[in-house]
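A.B. asks: So the chains spell out like this:
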Amino acid sequence: MVQSLGYLKELPSQTAGPYVHIGCTPNFSGIEGVYDTDLGSGPLYNDKTKGERITVRGHVFDGAQTPLKDALIEIWQADADGFYNSPSETRGTADPNFFGWARCPGDMATGEFVFETIKPGRVPFNDGRLMAPHITFWIVARGINIGLQTRMYFGDEEEANAQDPVLARIEHKVRVPTLIAEREGDTYTFNIRLQGADETVFFDI
Amino acid sequence: MKNTPPETGGFFARDRAMHPPAYTPWYKTTVLRSPQRALISLDGTKSEVTGPVFGHNMLGELDNDLILNYAKPGEMPIGQRIIVHGRVVDERGKGVSGALVEFWQANAGGRYRHKKETYLAPLDPNFGGFGRTIADDDGYYWFKTIKPGPYPWPNGVNDWRPAHIHFSVFGHGFAQRLITQMYFEGDPLIWICPIVKTIPDEEAIKRLIAPLDMAATVPHDMRAYKFDIVLRGRRSTFFENRKEGN
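Each protein sequence line maps, in turn, to chains A and B. So in our numbering the end of the first sequence lands on 205, straight run, no missing numbers. So in our numbering the end of the second sequence lands on 451, straight run, no missing numbers.
Quick caveat, the hints were computed from the structure, so don't treat them as lab data. Careful: at least some of the hints might be erroneous.
Stated by the list, open to error - When the alpha-carbon atoms are kept at most 25 Å apart in a straight line, the in silico DSS-like pairs for lysine-lysine are as follows:
id : chain 1 : residue 1 : chain 2 : residue 2
1  : A       : LYS69     : B       : LYS320
2  : B       : LYS277    : A       : LYS9
3  : B       : LYS277    : B       : LYS352
4  : B       : LYS352    : B       : LYS299
5  : B       : LYS233    : B       : LYS321
6  : A       : LYS9      : B       : LYS321
7  : B       : LYS299    : A       : LYS9
8  : B       : LYS402    : B       : LYS431
9  : B       : LYS299    : A       : LYS69
10 : B       : LYS402    : A       : LYS9
11 : B       : LYS233    : B       : LYS299
12 : B       : LYS431    : B       : LYS233
13 : A       : LYS50     : A       : LYS119
14 : A       : LYS69     : B       : LYS352
15 : B       : LYS411    : B       : LYS431
16 : B       : LYS411    : B       : LYS233
17 : B       : LYS411    : B       : LYS299
This is chain A alone, in the form it adopts within the complex (with noise of 0.2 Å):
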């Protein structure tokens, strides 16, 4: 025998159900006068915060091209200089005025979600590299085991979307415009797809 290394095992997940809008917007949900507002709800960006305005929307689509209307998205990305607002970014100070994280239901009636907030900056990756400027999401859902993990970029960034090292390495390189979102005006347009020929590539992070 030898020293037991003595680690715990994190907790295994379970889906968030078909009623997750009760613990995590439940003002959204109808239950009002508990908390004064949902949590991560509303724009991210207010009069101060740097940074160009946009629209991020979409829909989960599951294997029967259904859209899903009862997931839960959020999004947790950098302001518009590259950094997050969180004690383990040790390169420099995010914005004040920008918290980095949200979450918003899918519309009961549609399923479509809606996300006003800023074009984040570009993030180094690992090595150095930067990466192409991106938002992180997690969707959970009725259906859903385990929260999915993926990425969202921009499709006015060609050039930096070309050297961007996670991108590169995605082996099938007909998947790699499942993430990137086209723009049209002020608005990003990000649909999920959970399953089929054009599946989003999720990640395991």
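Following the hints, position chain B against chain A.
C.D. replies: Just chain B now, kept in the frame of chain A:
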């Protein structure tokens, strides 16, 4: 907050053989909601090792008291009064200070306060069924609630969920983000539940079952259940192949 420097290392790889796989057809909704392609592996970058920090100023005073946070003045919900408490730690056993823990559940009869819920058991006019708290410097958290009841759900012809409380937890990095469910010691429904059985490892299932904790029980008031929440561990910075500050 403790006066220790923030940690910046990446997280231990997730043991995906311990977690439920995406495709578990006995839990029917997973059939069309499970990716078929392999996940792309990515050692944590700044985008994953960082995460939001939630402050106490974002929470209300009764947010961790489900017995009172929805009740009319002078009234209380019906059901077994319980305290749920424990620590949020990582795989190294280190307390996750400041972790945001959110929870939601059905009432004592198994009924959720949600417009899409149609179970015939009645709503409790004094029970909302959700709360949240922020773990202290050692990762300790607690809340008061009513023990939820089991409820039937449209999966198999006669499937019933065991009594459970949903948990959503934020650690220090977005890669630690976890949603799971807590079950109660001794519930025979646990071992026949299709959602519980999405977890392939019986030992892992046991880690979601909270034991009755008589030591924390308040005599003539509330029983207690202890539920420790383990998030992913974190590598020390000296394993990183980059210099500080790049």
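A.B. asks: Now tell me, hint by hint, if it's right for this structure.
C.D. replies: To see whether the hints hold, each was checked on the structure:
1. A/LYS69 x B/LYS320: holds (13 Å)
2. B/LYS277 x A/LYS9: violated (41 Å)
3. B/LYS277 x B/LYS352: holds (19 Å)
4. B/LYS352 x B/LYS299: At roughly 29 Å apart (the allowed maximum being 25 Å), B/LYS299 and B/LYS352 break the hint.
5. B/LYS233 x B/LYS321: Holds - the C-alpha atoms of B/LYS321 and B/LYS233 are around 18 Å apart, at most 25 Å.
6. A/LYS9 x B/LYS321: violated (35 Å)
7. B/LYS299 x A/LYS9: holds (12 Å)
8. B/LYS402 x B/LYS431: holds (22 Å)
9. B/LYS299 x A/LYS69: Judged against 25 Å, a Cα distance of about 38 Å means the pair is violated.
10. B/LYS402 x A/LYS9: Holds. B/LYS402 to A/LYS9 sits at ~18 Å (cutoff 25 Å).
11. B/LYS233 x B/LYS299: Given that 25 Å is the threshold and the Cα spacing comes to 37 Å, the pair is violated.
12. B/LYS431 x B/LYS233: Violated, because 31 Å separates the two Cα atoms, which is more than 25 Å.
13. A/LYS50 x A/LYS119: It holds: about 10 Å lies between the C-alpha atoms, which stays within 25 Å.
14. A/LYS69 x B/LYS352: Outside the cut-off at roughly 29 Å; violated.
15. B/LYS411 x B/LYS431: Between B/LYS411 and B/LYS431 the Cα gap is close to 13 Å, so the pair holds against 25 Å.
16. B/LYS411 x B/LYS233: Roughly 23 Å separates the two Cα atoms, so the pair holds.
17. B/LYS411 x B/LYS299: holds (21 Å)
This entry does not satisfy hints 2, 4, 6, 9, 11, 12 and 14, going by the numbered hints stated previously.
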